[in-house]
Amino acid sequence: MSLQGIGFLFQCYLVLAAAMYFDLGEQEQKCIIEEIPEDMLVTGYFLLEPWEMNALSHSPHLGVTVTVRDPNHEVLMSKRYGKFSKFTFTSHASGQHYLCFQTNSTRFSVFAGERLKLHLDVQMGEHSIDPVPDKTKDNMKNLENSLRHLVDQMIFITRQQEYQREKEEVFRQIGDNTNSKVLWWAMVQTSVLLTVGFWQMKRLKDFFIAKKLV
Amino acid sequence: MGCEWRMMSAGLCLLTSLILTVDLTLGFGPNKDMQFTFLLSAGSTECFYQTTARSDSMEVGYQVIAGSGLDVGFALISPTGYRLVSDFRRSDGIHMVDSTEDGDYRLCFDNSFSKLSEKMVFFEVNINSESSSVGGSNEWENMAITESMGEYNMEDIRAQMDSVYQHLERSRQILAVLRALEARDRYLLEDNLWRVSFWSCLSLLVMLFVAVTQIYTLKRLFADTKRVCT
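Protein sequences appear in the order of chains A and B. Position 3 of the first sequence, counting from 1, maps to 3 under our numbering, and the rest follow consecutively. Position 55 of the second sequence, counting from 1, maps to 55 under our numbering, and the rest follow consecutively.
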């Protein structure tokens with residue numbers, strides 16, 4: 001593995017250690033929901049640690065199974081990783097994706113109540129990986145990298161806003177549907193009420209005439 | 001001798017990158033922002049933990065997107081175990097911690113009062129590091145500040161780009177909150193549509209049933225007793 005790769009991974013490790021974490025029991029699955037537009041690259045970094053830092057974990061081979069489901073609840077990706085890794089996937093449909101994490105140790109553990117910490121950081125959009133910032137590098141290179149970061153951010157924001165516009169379109173359609181459904185059902189109920197009223201009167205009249213009551 | 005020299009410089013390179021990383025996040029800039037949406041099942045509690053350094057400022061916001069009642073209980077517990085915020089059954093909330101302690105803050109969402117409905121909760125945590133906001137981006141540190149390209153000063157360019165980056169980050173956060181609000185409204189509207197259809201259909205069936213029952217009850221009244229009024 002190249003030096004830059006190692007350096008980058010170590011950067012990720014340090015950043016993740018300060019990221020948000022939640023507790024995960026062994027064999028327990030927890031899911032995160034992300035609203036993702038289509039054709040977007042999503043990168044997730046995670047780090048699995050035992051709850052007590054100095055406690056000896058009796059299942060040293062910790063692993064995480066990451067399952068990604070698309071809005072139709074079909075499995076988009078399901079892979080097994082080690083303690084610390086990153087996963088990427090590209091969404092094909094726009095909507096709510098479910099990222100589920102489940103721990104499994106390779107050894108059968110009798111103590112099923114052990115808690116684990118899962119640090120998680122999910123990033124959306126393509127991020128140009130800046131190489132190791134070298135002090136001897138050209139200032140223009142640094143400037144170029146920073147500008148590239150900004151451009152990535154702006155592209156991401158534009159993409160999100162387009163997606164937001166699509167969803168507002170759907171929202172407005174649902175509102176229109178509701179409105180027309182209310183009107184339609186009210187008309188149907190009124191006409192059924194009138195019809196049934198006339199039918200009742202007619203049947204009763206015929207009945208009373210037949211029974212010679214009127 | 002050449003091999004050794006190369007390894008040493010590579011090691012130096014790695015060390016440099018490590019030193020820079022301690023202040024850098026994966027982007028550049030001192031702020032961190034985390035947002036998650038998750039499903040909170042009925043009758044359960046979920047806790048999330050966030051590590052902070054001393055005297056950072058932290059902002060926590062949450063919004064319930066789906067679930068009947070649209071409310072959830074929230075608690076924010078400091079690393080020393082002191083309960084800072086305790087919301088009971090609110091649909092949204094924003095809380096700020098001005099000067100954080102060193103350690104892990106606990107954010108707990110509580111749905112134990114609801115036996116049947118699960119809630120979808122969106123929450124975000126923004127951390128502004130006081131310590132590095134003065135220093136700024138370290139990768140520009142060693143640049144000669146007096147270096148200028150024509151009329152423009154490198155310092156100016158750096159300040160402008162930092163400012164643009166901060167604004168774009170803020171835009172992203174606001175977009176995420178708006179996204180959550182829109183999702184909540186959309187779920188509500190879909191529920192409304194389903195409810196309108198269901199109850200209209202039901203009331204129509206009840207009307208027809210009552211109409212037919214009325215006729216046949218009346219008929220049976222007269223048929224049973226066979227009373228004829230002459």
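Note that these hints are calculated values from the structure, not bench results. None of the values given here were measured: they were computed from a predicted structure. Please note that the accuracy of each hint is not assured.
To be verified - Each computed PhoX-like pair below joins lysine-lysine, with the alpha-carbon atoms no more than 25 Å apart:
| # | chain 1 | residue 1 | chain 2 | residue 2 |
| --- | --- | --- | --- | --- |
| 1 | A | 212 | B | 115 |
| 2 | B | 219 | A | 205 |
| 3 | A | 202 | A | 212 |
| 4 | A | 117 | A | 83 |
| 5 | A | 167 | A | 211 |
| 6 | B | 219 | A | 211 |
| 7 | A | 202 | B | 115 |
| 8 | A | 117 | A | 181 |
| 9 | A | 30 | B | 115 |
| 10 | A | 86 | A | 117 |
| 11 | A | 30 | A | 117 |
| 12 | A | 167 | A | 181 |
| 13 | A | 30 | A | 86 |
These are the hints, each one checked on the structure:
| no. | hint | result |
| --- | --- | --- |
| 1 | 212/A to 115/B | violated, 61 Å |
| 2 | 219/B to 205/A | holds, 11 Å |
| 3 | 202/A to 212/A | holds, 15 Å |
| 4 | 117/A to 83/A | holds, 11 Å |
| 5 | 167/A to 211/A | violated, 64 Å |
| 6 | 219/B to 211/A | holds, 10 Å |
| 7 | 202/A to 115/B | violated, 51 Å |
| 8 | 117/A to 181/A | violated, 49 Å |
| 9 | 30/A to 115/B | holds, 20 Å |
| 10 | 86/A to 117/A | holds, 16 Å |
| 11 | 30/A to 117/A | holds, 12 Å |
| 12 | 167/A to 181/A | holds, 21 Å |
| 13 | 30/A to 86/A | holds, 17 Å |
Comparing the model with each earlier hint shows violations of hints 1, 5, 7, 8; every other hint is respected.
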